[in-house]
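Peer 1: Chains as they are written, first to last, in the UniProt record's numbering: chain A, 1 to 195; chain B, 1 to 449.
No wet-lab data here; the hints were simulated from the structure. Given the structure is predicted, the values throughout are model-derived calculations rather than measurements. Every residue gets a Cβ at the ideal spot worked out from N, C-alpha and C, and that includes glycine. Take the hints with a grain of salt, since some may be wrong.
List time: in silico DSS-like cross-link candidates among lysine-lysine, alpha-carbon distance up to 25 angstroms [claimed, not checked]:
(1) B:LYS73 <-> A:LYS94
(2) B:LYS234 <-> B:LYS328
(3) A:LYS62 <-> A:LYS45
(4) B:LYS234 <-> B:LYS252
(5) B:LYS334 <-> B:LYS286
(6) B:LYS73 <-> A:LYS173
(7) B:LYS234 <-> B:LYS291
(8) B:LYS384 <-> B:LYS116
(9) A:LYS62 <-> A:LYS91
(10) A:LYS173 <-> A:LYS80
(11) A:LYS80 <-> B:LYS73
(12) B:LYS73 <-> A:LYS182
Derived CB-CB ranges, DEER-like [what the hints assert, rightly or not]:
(13) A:PHE165 <-> B:GLN96: 30 to 38 angstroms
(14) A:PRO143 <-> B:PRO310: 47 to 55 angstroms
(15) A:GLU22 <-> B:LYS73: 20 to 28 angstroms
Residue-level listing of the chains:
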Amino acid sequence: MASRTVAKDIITLRGSAAIVSEFFGYAANSILYNRGVYPEESFAKVKKYGLPMLLTQDEGVKSFITNLTAQLSEWLEAGKLQRVVMVIMSKATKAVLERWNFSIETDSDVVEKGVSREKSDREIMREIQAIMRQIASSITYLPCLDEPCVFDVLAYTDTDVPVPFTWIESDPKLIANPQMVKLHSFDTKKETQAI
Amino acid sequence: MKAQRGDSLNRIGTLQDDSTTVPPITDFRYHSSFSSSIKKQPVSAFFFIPCVQAYRQKLIENLSLDSQGRPFKIMVFRGSPKSSRKSIRFVDELRQEVAAIFEKDCKQTPYRCIPKGEKRVLDAPRLRNDYYSNIMSWGMNNILAVALGPELYLWNSEDQAVHKLLQVRGGNDWPTSVTWSEDARTLAIGYMCSNLQLWDVESSKLIRSLQGHSGRIASTAWNGHILTSGSRDKSIINHDVRAANSLASCIKRHADEVCGLKWSTEGNRLASGGNENLLYIWEASKMSSSKFLHRLSDHCAAVKALAWCPYQNNVLASGGGLSDGCIKIWNTEKGICINNIETKAQICGLEWNRHHKEILSGHGYSIRENQNKLCLWRYPSMTKVGELGNHKSRIINLCQSPDGITVISAGADETLRFWDVFGPPTAGAGNSMVSDLQGLLSFRTSLLR
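Extracted from the complex, chain A is given alone in its bound form (with noise of 0.2 angstroms):
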């Protein structure tokens, strides 16, 4: 029996941290590309959890995305980050036509004392690639959004977190009359992120 190579199987505080952010920036590029917010041209395919990922050639959105998730990851690192949510608006009106919330789950223990949980990689990926494949089938079910559309990233973390310079406190920028989807949920043990 061929020994299998058992590696990266305890998930520290940090690598969680990382795949959360580095998800989230996937999570983000897909629903770009899914929503039609960008053209599909502007997106390269790349292989990423074991499956086809669309990422924005756009140099501004690339570095926009690159540095948000640097601070999230910091945020997540440190335990204070609540929930990502991108709101995507209507250029024209500026009214908030979709709202996709990833809630994130923080085990405090693991934040104060270090310890760390045990989950193997291949789980994790097979949990994001579920979500991942739920934001691709979304838009079977969404309408189209016709209209040219901008997107924004609202964070909800603690309020003892200093405000970073390339952010400023927003409104929640809710829906009036909101119809809901949820879609699944992965966790690393540490961080469960529920979208």
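We have chain A; now place chain B onto it with these hints.
Peer 2: What follows is chain B alone, placed relative to chain A:
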């Protein structure tokens, strides 16, 4: 919803939770606003919202506390200082860019002034008011040959000297078609009585007479040493002026008088327009077999005005008579009409502007507009740039100066009016214009993709 304080795992409601309690607003996973016209069933049955007011209430209550009573604050990412986030769609921006370039190509900045008045007016007594004749030609030697009634005059544009070349005696014959050869050494004159003469102007002598037609020769065109003549006898004859027996080929295809004849700038194609409203395109090599390349029947009136595009090979402009009034631009390669403008007036002449992408049309009778006018059209957008014209009655002929700046219109009011409408010449217009045109005329329906 297990909202147990002190849980080390702070869970915000998940699917397995007991759904009998109303979940707090922070539990709404996904919101989407649908326009009021689209009514959809709520997709998730797990979270029931009793009514909107309750939701709003909760909103207000919980604005600063999340489900655990944990206070939160919301921040929105405004991008790194150096990022330039494009907030419009990339494809829209691309389209706008391309449209702007296209506009710039079409427009001239600054747009040149088209003179409202003529540069010069020459008196042209006894100029025959006959739509089908082509009694003017301006040669490369800067001499304008014009037939006024039975007489033919030469006017030197450099010194304005006038010289009468010939006069036909008898009263029942007169020149109906005048064309300079390409090197302006020979003048071809077609007559009412079907005679075709070649004159040497330096010595004011008749070189030879060519036979072949039985009706008046209303149109002639040179192609090197080939002189093509079109006649009321419905035939087109190609003469090789070097040979003793000059008749190279005779084509009987038209059903009525051949009133328009033009060789393409390369000399490979001939366009012939007839009084039966047909336009034929011929290949130079195949003329002896009377096989035409294209037979174009789009016009509803006599096709007299013909002009080949100087910057795009195989593009021909044709103008129809009174019942038609349309300028049609053709791709003679494929034999399709690529553009059509309704001028609503009889078109007697078409001249392309070699310096700018424009075409000028001269008009005669009209029921509505453009009567007796010269109209300038942008190419290829075919928008009307302007109109000129002080003719008191219809314009019969147009011709262009060798330098491509001036256009003369011969009117039935017995005047020749000179218009400096095509200038000023742009520096280096030649090559750049061709390449721009190549792009514009490559028959792509859209410039993007």
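Peer 1: Against this structure, judge whether each hint is valid.
Peer 2: Now the hints, each set against the structure:
For the given pair, LYS73 (chain B) sits about 22 angstroms from LYS94 (chain A) by alpha-carbon distance, which is consistent with the 25 angstroms threshold. This hinted pair checks out: LYS234 (chain B) and LYS328 (chain B) have alpha carbons roughly 23 angstroms apart, not beyond 25 angstroms. Distance check on the hinted pair: LYS62 (chain A) and LYS45 (chain A) sit about 14 angstroms apart at the alpha-carbon level, within 25 angstroms; holds. Pair hint LYS234 (chain B) plus LYS252 (chain B) holds up; C-alpha atoms about 6 angstroms apart against a cutoff of 25 angstroms.
Pair hint LYS334 (chain B) plus LYS286 (chain B) holds up; C-alpha atoms about 17 angstroms apart against a cutoff of 25 angstroms. Between LYS73 (chain B) and LYS173 (chain A), the direct Cα distance comes to roughly 13 angstroms. Compliance with the 25 angstroms bound is thereby established for this hinted pair. The straight-line distance between the Cα atoms of LYS234 (chain B) and LYS291 (chain B) is roughly 15 angstroms, inside the 25 angstroms bound, and the hint therefore holds. In summary, the hint linking LYS384 (chain B) to LYS116 (chain B) is supported, as the alpha carbons are separated by about 15 angstroms, within the 25 angstroms threshold.
Proposed proximity of LYS62 (chain A) and LYS91 (chain A) is supported: the alpha carbons are some 19 angstroms apart, at most 25 angstroms. For the suggested pair LYS173 (chain A) and LYS80 (chain A), the alpha carbons sit about 21 angstroms apart, so the restraint of at most 25 angstroms is met. Taking the CA atoms of LYS80 (chain A) and LYS73 (chain B), the gap is about 11 angstroms. The hint holds against a cut of 25 angstroms. Only pairs whose Cα atoms come within 25 angstroms are accepted, and LYS73 (chain B) paired with LYS182 (chain A) is accepted, the gap being roughly 23 angstroms.
For PHE165 (chain A) and GLN96 (chain B), the hinted distance range of 30 to 38 angstroms is satisfied, since their beta carbons lie about 33 angstroms from each other. Distance hint check: the CB atoms of PRO143 (chain A) and PRO310 (chain B) are about 54 angstroms apart, consistent with the given range 47 to 55 angstroms. Hint check: GLU22 (chain A) to LYS73 (chain B), Cβ distance near 25 angstroms, so the stated range 20 to 28 angstroms holds.
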